[in-house]
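Residues per chain are reported as follows:
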Amino acid sequence: MTDNSLTVYSTTWCPDCHRAKALLDSKKVDYREVDIEATPEAADIVASHNDGKHRVPTIEIDGRFFGNPSLKELGDLVAAR
Amino acid sequence: MSHSASNLEAANTEAVNTDATNTDATIERRQLVIIGSGPAGFTAALYAARANLDVLLLRGAEPGGQLTSTPEIENYPGFPESLTGFDLMARMESQAERFGAELRYGTVTGLDLTQRPYRLSVDDDTTIKSDAIILSTGASARYLGLDNERRLLGRGVSACATCDGAFFRDVEVAVVGGGDTAMEEALFLTRFATRVVVIHRRDELRASKILQERAFAHPKIEFLWNRQVRDILGEDKVEALQLEDTRTGVTATLETGGVFIAIGHRPNTDLVRETLDLDAHGYLVTEPGSTHTGKPGIFACGDVQDPIYRQAVTAAGSGAMAALDAERWLAEQPETASAKTELVAA
Chain Z
1 MTDNSLTVYS
11 TTWCPDCHRA
21 KALLDSKKVD
31 YREVDIEATP
41 EAADIVASHN
51 DGKHRVPTIE
61 IDGRFFGNPS
71 LKELGDLVAA
81 R
Chain H
1001 MSHSASNLEA
1011 ANTEAVNTDA
1021 TNTDATIERR
1031 QLVIIGSGPA
1041 GFTAALYAAR
1051 ANLDVLLLRG
1061 AEPGGQLTST
1071 PEIENYPGFP
1081 ESLTGFDLMA
1091 RMESQAERFG
1101 AELRYGTVTG
1111 LDLTQRPYRL
1121 SVDDDTTIKS
1131 DAIILSTGAS
1141 ARYLGLDNER
1151 RLLGRGVSAC
1161 ATCDGAFFRD
1171 VEVAVVGGGD
1181 TAMEEALFLT
1191 RFATRVVVIH
1201 RRDELRASKI
1211 LQERAFAHPK
1221 IEFLWNRQVR
1231 DILGEDKVEA
1241 LQLEDTRTGV
1251 TATLETGGVF
1261 IAIGHRPNTD
1271 LVRETLDLDA
1281 HGYLVTEPGS
1291 THTGKPGIFA
1301 CGDVQDPIYR
1311 QAVTAAGSGA
1321 MAALDAERWL
1331 AEQPETASAK
1341 TELVAA
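First to last, the protein sequences are chains Z and H. In terms of this note's numbering, the first sequence opens at residue 1 and continues consecutively. In terms of this note's numbering, the second sequence opens at residue 1001 and continues consecutively.
A hint or two may mislead.
Derived lysine to aspartate or glutamate pairs resembling EDC-like cross-links, with alpha carbons at most 16 Å apart [unchecked claim]:
{"no.": "1", "chain 1": "Z", "residue 1": "Lys-53", "chain 2": "H", "residue 2": "Asp-1277"}
{"no.": "2", "chain 1": "Z", "residue 1": "Lys-53", "chain 2": "H", "residue 2": "Asp-1236"}
{"no.": "3", "chain 1": "Z", "residue 1": "Lys-72", "chain 2": "Z", "residue 2": "Glu-37"}
{"no.": "4", "chain 1": "Z", "residue 1": "Lys-72", "chain 2": "H", "residue 2": "Asp-1124"}
{"no.": "5", "chain 1": "H", "residue 1": "Lys-1237", "chain 2": "H", "residue 2": "Glu-1102"}
{"no.": "6", "chain 1": "Z", "residue 1": "Lys-21", "chain 2": "Z", "residue 2": "Glu-60"}
{"no.": "7", "chain 1": "Z", "residue 1": "Lys-27", "chain 2": "H", "residue 2": "Asp-1124"}
{"no.": "8", "chain 1": "H", "residue 1": "Lys-1237", "chain 2": "Z", "residue 2": "Glu-60"}
{"no.": "9", "chain 1": "Z", "residue 1": "Lys-27", "chain 2": "H", "residue 2": "Glu-1102"}
{"no.": "10", "chain 1": "Z", "residue 1": "Lys-72", "chain 2": "H", "residue 2": "Asp-1123"}
{"no.": "11", "chain 1": "H", "residue 1": "Lys-1237", "chain 2": "H", "residue 2": "Glu-1222"}
{"no.": "12", "chain 1": "H", "residue 1": "Lys-1220", "chain 2": "H", "residue 2": "Asp-1270"}
{"no.": "13", "chain 1": "Z", "residue 1": "Lys-21", "chain 2": "H", "residue 2": "Asp-1125"}
{"no.": "14", "chain 1": "Z", "residue 1": "Lys-72", "chain 2": "H", "residue 2": "Asp-1125"}
{"no.": "15", "chain 1": "H", "residue 1": "Lys-1129", "chain 2": "H", "residue 2": "Asp-1147"}
Bear in mind the hints are in silico, worked out from the structure with no lab data behind them.
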């Protein structure tokens, strides 16, 4: 089952994006991934939630945005859902 | 508290609670815990698992370690076609896991070495007791230590070109440093930036010859020798650097859209600064020819104890040494034989 309420805004080259996805995979959490370099609208969304910066990964969880959370924060956010 | 810890607690409801500082937490008991998940940590986990030790690896705050920021690894033997740092670390991780090492997310926040078994506090509010510990906490980027550097971090100041480089498309950027990391950062940044200026405080590089030659030959890379960064200027983002000529003392301003700091690394020894021997530069000291620290059952490998080589392959090699040393040491401790994954409440 796909859960569209968790989105990882990423780029192909960012190490923290790999780490965030690996953590979500290890916890068997479904997520949607959007490459902000391939999707200009997504880059705008990311910038609007990060003081104009293209911060990756930006994670959208149930409508809330988190700019490059630590793995501890991400784990806690997912566990709290 | 995590679900697994709750389950452990449920399984140990009859155990006697004797520890006032851990009234809620259940203490997990292990034979060997490895702290850190770079090449040293994963190789130690691989060797320890193959020695049939009960081994738990805690990945730490940056799983995969510094190597995950390296876009292309060309000098790890066995991979002639080169691969990304992330791919190499993913391979090491799955190899350790294949032989039974338990790998877990979590960062150690406290380490009590005053009594045995040693005690580790983890950021998921669990506590682990372990007979032996391998420290493979690695190193982190060193910064210049300027106030404006801290203020503008993430706003044009970075210590990781692969993390942030692509945000500097079509602008001029600067790299500070003269070692391998500085050359790798500069070469990577040429993919995006219009010009890369390498600022180095001496008049020659410390970097390996092959990287030097590549950097010298690259049309986008220029060098400013004998310059030190005195300040980083800019309101909301980096706009310029104030540079001092180390020979004349004359300062000048260099306009730039970003600055990448690559002036070396600082070993991650916060956990043991007070309890283990460090050298003058903060690296963990091990007994010559081994990975033993001064404390029984505590071993160190990888960049946290290596001020000289700091290569993926040497880190991996010392990880193997640490696991072999730990295996031998544990075999000499008769009371630990029955400790295998025994769980006791605090």
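Going through the hints against the structure:
Of the supplied pair hints, the one linking Z:Lys-53 and H:Asp-1277 is violated, its CA atoms being roughly 42 Å apart against a limit of 16 Å. For the hint pairing Z:Lys-53 with H:Asp-1236, the CA-to-CA distance comes to about 11 Å; that is within 16 Å, so the pair holds. Note on Z:Lys-72 and Z:Glu-37: the hinted pairing is violated, with a Cα-Cα distance of about 27 Å set against a maximum of 16 Å. At most 16 Å may separate the alpha-carbon atoms for a hinted pair to count; Z:Lys-72 and H:Asp-1124 meet this at roughly 8 Å.
For the proposed pair H:Lys-1237 and H:Glu-1102, the alpha carbon gap of about 43 Å is over 16 Å, so the pair is violated. This hinted pair checks out: Z:Lys-21 and Z:Glu-60 have alpha carbons roughly 13 Å apart, not beyond 16 Å. A distance of roughly 15 Å separates the Cα atoms of Z:Lys-27 and H:Asp-1124; the hinted pair therefore holds under the 16 Å criterion. This hinted pair does not check out: H:Lys-1237 and Z:Glu-60 have alpha carbons roughly 25 Å apart, beyond 16 Å.
Between Z:Lys-27 and H:Glu-1102 the alpha-carbon distance is near 15 Å, which keeps this suggested pair within the 16 Å criterion. Of the supplied pair hints, the one linking Z:Lys-72 and H:Asp-1123 holds, its CA atoms being roughly 8 Å apart against a limit of 16 Å. Between H:Lys-1237 and H:Glu-1222 the CA atoms are separated by roughly 23 Å; this puts the pair beyond 16 Å, and the hint is violated. At most 16 Å may separate the alpha-carbon atoms for a hinted pair to count; H:Lys-1220 and H:Asp-1270 exceed this at roughly 39 Å.
With a C-alpha separation of about 23 Å, the suggested pairing of Z:Lys-21 with H:Asp-1125 is violated against the 16 Å cut-off. A threshold of 16 Å between alpha carbons decides the hint, and for Z:Lys-72 with H:Asp-1125 the separation of about 11 Å falls inside it, so the pair holds. Restraint check: the Cα-Cα separation between H:Lys-1129 and H:Asp-1147 comes to about 40 Å, which exceeds 16 Å; the hinted pair is violated.
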